[in-house]
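Chains A and B, in that order, give the protein sequences. To convert, note that position 88 of the first sequence is 112 in the working numbering; the numbers rise steadily by one, no gaps. To convert, note that position 45 of the second sequence is 108 in the working numbering; the numbers rise steadily by one, no gaps.
Careful: at least some of the hints might be erroneous.
[Stated by the list, open to error] In silico SDA-like links for lysine to any residue, alpha-carbon gap of 25 Å or less: (1) B:89 to A:82; (2) B:130 to A:123; (3) B:89 to A:50; (4) B:89 to A:27; (5) B:174 to B:137; (6) B:122 to B:133; (7) B:100 to A:50; (8) B:130 to B:109; (9) B:130 to A:65; (10) B:100 to A:38; (11) B:89 to A:35; (12) B:100 to A:124; (13) B:122 to A:82; (14) B:100 to A:35; (15) B:100 to A:123; (16) B:100 to A:27; (17) B:100 to A:65; (18) B:89 to A:120; (19) B:174 to B:64; (20) B:89 to A:66; (21) B:89 to A:84; (22) B:122 to A:126; (23) B:100 to A:66; (24) B:100 to A:61; (25) B:122 to B:89; (26) B:89 to A:124; (27) B:100 to A:64; (28) B:89 to A:37; (29) B:131 to A:84; (30) A:37 to B:84.
FYI, nobody ran anything at the bench for these hints, they're computed from the structure.
Letter by letter, the chains look like this.
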Amino acid sequence: EAGVTQSPTHLIKTRGQQATLRCSPISGHTSVYWYQQALGLGLQFLLWYDEGEERNRGNFPPRFSGRQFPNYSSELNVNALELEDSALYLCASSLAGNQPQHFGDGTRLSIL
Amino acid sequence: QQPVQSPQAVILREGEDAVINCSSSKALYSVHWYRQKHGEAPVFLMILLKGGEQKGHEKISASFNEKKQQSSLYLTASQLSYSGTYFCGSSEIYNQGGKLIFGQGTELSVKP
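One chain only, chain A, in its complex shape (with noise of 0.2 Å):
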């Protein structure tokens, strides 16, 4: 069975630009998870999403947003690139809320 697979592996940006990550979860999962890992730091929760909507957020700016497709796969776009926004983006699955998670392997944004 895939896991879940993230893309790209890296993906390197200048300040003010916009960056598209993807995720596709484990067949018969519904629910996709975004969280940013800053070097050395732990998991910040970004965005639920479960059937296609919104669930939940955390406390991140409106530039960060995504949306989840009819597959369940998901995007996450952040707008207006900052330098502190370098970090390591994962992408979690679950069958539903409150199951485990199973993370990809990430994305390395890096802005210069």
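Using the hints provided, position chain B relative to the given structure of chain A.
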């Protein structure tokens, strides 16, 4: 409010035991435990959904005291493969469990 993990770091010899604690100032619906090795994605260990519940996974077990709003992870007869950073993630009742707030992590090093 981020749960607080203790200790922040621990060094063990192979075969020794360890306990990692996770405390929250808010009422909890569930607690998840994950392990992340350097450069890898977090891996799910276990989820505790009920107060007073205790679960086991090989030589790793956990307890969840709903009244005290805390969970503990027990690692017995540690192996080299147990090295990594351990995160607890908590969900609050009103969030329906999908939004996990993670602690800052506990770095565990097991030496031969």
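Of the hints stated earlier, which fail here? 3, 4, 9, 10, 11, 13, 19, 25, 28, 29 and 30
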